[in-house]
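**Q** When you get a sec, could you build the whole thing from the sequences and use the hints?
As they're listed, the protein sequences go chains X and P. So the first sequence is numbered by numbering that gives the first Met the number 0: it starts at 0 and just counts up by one. So the second sequence is numbered by numbering that gives the first Met the number 0: it starts at 0 and just counts up by one.
I should point out that these hints are in silico values taken from the structure, not numbers from a laboratory. Hints are supplied without guarantee of correctness; some may be wrong.
As the list claims (entries may be wrong) - Chain P regions said to be covered by chain X (calculated; three or more residues, Cβ under 8 Å):
(1) 328-342
(2) 411-421
(3) 466-472
(4) 585-593
No residue lacks a Cβ here, since even glycine has one placed at the ideal position from N, Cα and C.
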Amino acid sequence: MRRGSIVRITIYGVLAGIAASLVAVLVPWLPTSASEEMDRIEFTFWFTTVICIGVFAVVAAAIVYSVLNFRVQPEDESDGPPIHGHTGLEIVWTAIPAVLVTAISVVSAIVLARNDDAGPNPLRISVTAQQFAWKFEYPGDDKVVSGELVLPVDKPVKLTLHSRDVIHAFWVPEFGQKSDAVPGIETTLVITPTRKGSYRVICTELCGLGHATMRAPVRVVEQAEYEKYLADEAAGGAPDESSGEAVFVTAGCGGCHAFAPARSDAQVGPSLDAVDPRGRPLDEFLLESIEDPNAVLAEGYQGDVMPNTYGKSLSEEQLDALVQYLVDGQKGSE
Amino acid sequence: MTEIAQTPHEAHHTPAPPRRGVRRLTGPGFLRAAWLTPLFWAIGTGLVLFFRWLGHYEPIADWTVITVVAFLTTAPIGFLAGIGAFDYWLYYISGRATRVDDHASHGAYSWRDYFKVNTDHKVIGVQYLVTTFFFFTVGGLMAMLVRAELANPDMQFVDTQTYNGLVSEHAALMIFLFIIPAFAGLANFAVPLMLGAPDMAFPRLNALSYWLLPVAGIMFLCAFLAPGGAFATGWTSYAPLASEQPLGQVFFNMGVQWAGASSIMTALNFLVTIITMRAPGMTFWRMPLLVWANFTTSLLVVIATPFIAGSQFFVMFDRVMHTNFFDVSEGGYVLGYQHIFWFYSHPAVYIMMLPGFGIISEVMAVFSRKPIFGYRLMALSLMGILVLGFSVWAHHMFVAGLAPWLRVPMMVTSMIIAVPTGIKIFSWLATMWEGKLHFRTPMLFALGFISMFVLGGLSGIFLASVPIDIAASDTYFIVAHIHYVLFGGSVFTIFAGIYYWFPKMTGRMYSEKLGKTHFWLTFIGFNGTFFPMHWVGLQGMPRRVADYSAQFGNWNMVISMFSFLLGASTIVFFYNMIISWHRGAIAPSNPWRALTLEWQVTSPPPVFNFDEIPQVVGGPYEYGVPGAKHAVLRGGAATVHEEEVVR
Chain X
0 MRRGSIVRIT
10 IYGVLAGIAA
20 SLVAVLVPWL
30 PTSASEEMDR
40 IEFTFWFTTV
50 ICIGVFAVVA
60 AAIVYSVLNF
70 RVQPEDESDG
80 PPIHGHTGLE
90 IVWTAIPAVL
100 VTAISVVSAI
110 VLARNDDAGP
120 NPLRISVTAQ
130 QFAWKFEYPG
140 DDKVVSGELV
150 LPVDKPVKLT
160 LHSRDVIHAF
170 WVPEFGQKSD
180 AVPGIETTLV
190 ITPTRKGSYR
200 VICTELCGLG
210 HATMRAPVRV
220 VEQAEYEKYL
230 ADEAAGGAPD
240 ESSGEAVFVT
250 AGCGGCHAFA
260 PARSDAQVGP
270 SLDAVDPRGR
280 PLDEFLLESI
290 EDPNAVLAEG
300 YQGDVMPNTY
310 GKSLSEEQLD
320 ALVQYLVDGQ
330 KGSE
Chain P
0 MTEIAQTPHE
10 AHHTPAPPRR
20 GVRRLTGPGF
30 LRAAWLTPLF
40 WAIGTGLVLF
50 FRWLGHYEPI
60 ADWTVITVVA
70 FLTTAPIGFL
80 AGIGAFDYWL
90 YYISGRATRV
100 DDHASHGAYS
110 WRDYFKVNTD
120 HKVIGVQYLV
130 TTFFFFTVGG
140 LMAMLVRAEL
150 ANPDMQFVDT
160 QTYNGLVSEH
170 AALMIFLFII
180 PAFAGLANFA
190 VPLMLGAPDM
200 AFPRLNALSY
210 WLLPVAGIMF
220 LCAFLAPGGA
230 FATGWTSYAP
240 LASEQPLGQV
250 FFNMGVQWAG
260 ASSIMTALNF
270 LVTIITMRAP
280 GMTFWRMPLL
290 VWANFTTSLL
300 VVIATPFIAG
310 SQFFVMFDRV
320 MHTNFFDVSE
330 GGYVLGYQHI
340 FWFYSHPAVY
350 IMMLPGFGII
360 SEVMAVFSRK
370 PIFGYRLMAL
380 SLMGILVLGF
390 SVWAHHMFVA
400 GLAPWLRVPM
410 MVTSMIIAVP
420 TGIKIFSWLA
430 TMWEGKLHFR
440 TPMLFALGFI
450 SMFVLGGLSG
460 IFLASVPIDI
470 AASDTYFIVA
480 HIHYVLFGGS
490 VFTIFAGIYY
500 WFPKMTGRMY
510 SEKLGKTHFW
520 LTFIGFNGTF
530 FPMHWVGLQG
540 MPRRVADYSA
550 QFGNWNMVIS
560 MFSFLLGAST
570 IVFFYNMIIS
580 WHRGAIAPSN
590 PWRALTLEWQ
600 VTSPPPVFNF
610 DEIPQVVGGP
620 YEYGVPGAKH
630 AVLRGGAATV
640 HEEEVVR
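**A** Below you can see the structure in the form of structure tokens.
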């Protein structure tokens, strides 16, 4: 190779590298990190990105140089030089990628080990997923259960994930960590929040019609505020475990049904704001619809969508409370 | 049999005289299929009703069972019997005279012959390609609907069940009815020619493999007619969600069986053909890389495909027979589905990529006018991918709750598979180096493939790294990655192959100008559609949602606009294909001045490919080597290039 062509191909490579680096820097690729785990994921991401930009620059330089320099002249019917291979080169482009991917593997394995490590005494919160809602059970004697995930800042949390029906997945983009909630097995996830603020749990495993609406609010707060939240929930919320409103939240009704008193506006299932009981007593009709959703289908909605297990999973008191809550909340019921 | 021995050679090529009167209803064809299909459906339904009555099951007419047995099993068998896919075998079994050597079903003399059971590998190749591009169009239109819905947040055009159905159907059609069989179609046409063989080893099995495809495709589409809508659990169809879905789900469970059976039969056929039907002198180290690629792909298909068949049967049995493979309350194991499914579906990624590697190797050498750089390492890296491909499946399950210790080993193997893939990329670049590059349409698609596949491969490195994968999995980053490898990778190579062999298949040249327009529109539309998905996903947009957070609205609008451009680009492609096939310039036998054997016969090739068996004397890519020859043909069509004919 002549010196001129070496210079030119190097220039192409540098230009390609700069272009790729600009895309890497100017585009907001990742959400702003809010956990120690996401910080490490970001490090792995940028470490890999640097290596990939290098590989991209080499390939781009070779393609651009070839396209510009080896384009055949019109009417040229001749063949290129019969080069069949070059053992040295072939060893080089086997060995270098092998080294690079080994480096990425080592970094990834270390980061993974640290991201799985919750330390000696993490806060343990149990997460239960079901179509299409999240429920969080906090530690402590009060056994607070809520539809909101409140975490103290800078404290490692170990989430244990369960599912009541199909596979769901727990993801808060700013925390980085993600895990499926699988029926029949328990999965865990370690998160150490570092930034106070409000986030959202997003279900990322297709779980049925309400999948896109399966969200839950997350708040990261000071330790004192966290304790106050638990105390308030225990004081005001604990008896509510069997109140109609609490059942509505924990059973996940708001994941699919609009209902103004619960501030839910989901549209997967029919609205519960003004239920037409088809000429029957409203409470009886509601109870039947909860226990056997296919008995009467609202116009424009299909059967076999709503789980038919609520009649079993909720106690009789809970069902009565839920029906009463729905009856009281009907528009124009006063 | 004696009659056949007396038939003169020329008569072999004459099609059988058309049947008349009632005999048209009993002879193979669509008329017979029109009454055999409902008959077999009735037999299936009757069997279900009889056995349910016998066993006192209630209700006797259970539509789930009737759907599985009558609609999805016996009716398709009736259709296949009707068109004549089993005629020879049934004649043979019953001791009647078979039409063993009259070759009435060989070659195509009018467009009608493409709608019959035909045993000619070239006709079957064209049948495959036309069929797969039909399903490509249908699957593509579904993607357009999906993008129309996603252009803005909230719900606009379709409801959630329909949306999930469209997403699942799009993927199922593109994977099982387009990419995998389109490669099978190209290879069906090219591989026997490249080997110097007169046909595939088992021509009747080949015909049956093809006819299973429309059955599978129509089955997928008919799912929309099922009560409750089409299967809506993504093409991965994870249990236990899939066992609880409306009836449309069994159309996926069974459609995969038919498409999978087609794949397995074709793969066995390729393996036997490649091992036993190479022309004299065609050693393994003289085989074109397309043949090598289909050899390794066929091994992958034969070993892996039974696993997806099993996984879909398990899900269906859970529904229909109340087995409890994935029912936790009865002791089922949910992750078992994913392990079995991905043990096929990861190798399937290579089933959808290795034949493309083969096509690019052919195109690169011919349009660079140089030998393939490192031919043997290219072949060995295919074998390397084949072996490693079976050891990486759990990288689809890093967040699925699998045994934690399994993650790092599976990450390492996933990373290492980048090495043989890298060898191929670098070798193609070195093949171009100092070559005489002709930028015809196949070469443009080959270059487009290399650049897009490098991007898809690099995003694959991110996903192989467990911590990054944990953040990225099940988001639009995955959607971006899979389209970079399956569209920028596989589909670009399919286009390269279609343009490359179009003159050989049809005997006519395509329009170079339209081909290049198609390439640039596709290239721009593709990148505009899929590149932004990378960051949209990482920032927090999950996949398989009809409704999403308003913060992603602008980018999704951009993505949808580019996707419509991408969709429109295929109109240019189809226009080019139809017009050129109809009245393009007559193609010479070897328009690309290629050395491999398919170009040494007329375009399109004679019915039995070679009038005399060619003698292979050297490697397939000896461009620039003075006096080098791949093969010697005595007579035949090679006279078009006088200098290459030895006599």
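**Q** With a Cβ-Cβ cutoff of 8 Å, does the stretch 411-421 of chain P contain at least three residues near chain X?
**A** Three-residue rule met by the stretch 411-421 of chain P, so holds; n is 6.
**Q** Taking beta carbons only, do three or more residues of the stretch 466-472 of chain P come closer than 8 Å to chain X?
**A** It holds: at least three residues are needed, and the stretch 466-472 of chain P offers 5 whose Cβ sits within less than 8 Å of chain X.
**Q** Do three or more residues from the stretch 328-342 of chain P put their C-beta atoms closer than 8 Å to C-beta atoms of chain X?
**A** Coverage by chain X holds for the stretch 328-342 of chain P (4 residues, Cβ < 8 Å).
**Q** Using a Cβ cutoff of 8 Å, are there at least 3 residues of the stretch 585-593 of chain P near chain X, or does the coverage claim fail?
**A** violated (count 1)
The earlier numbered hint that this structure contradicts is number 4, and it is the only one.
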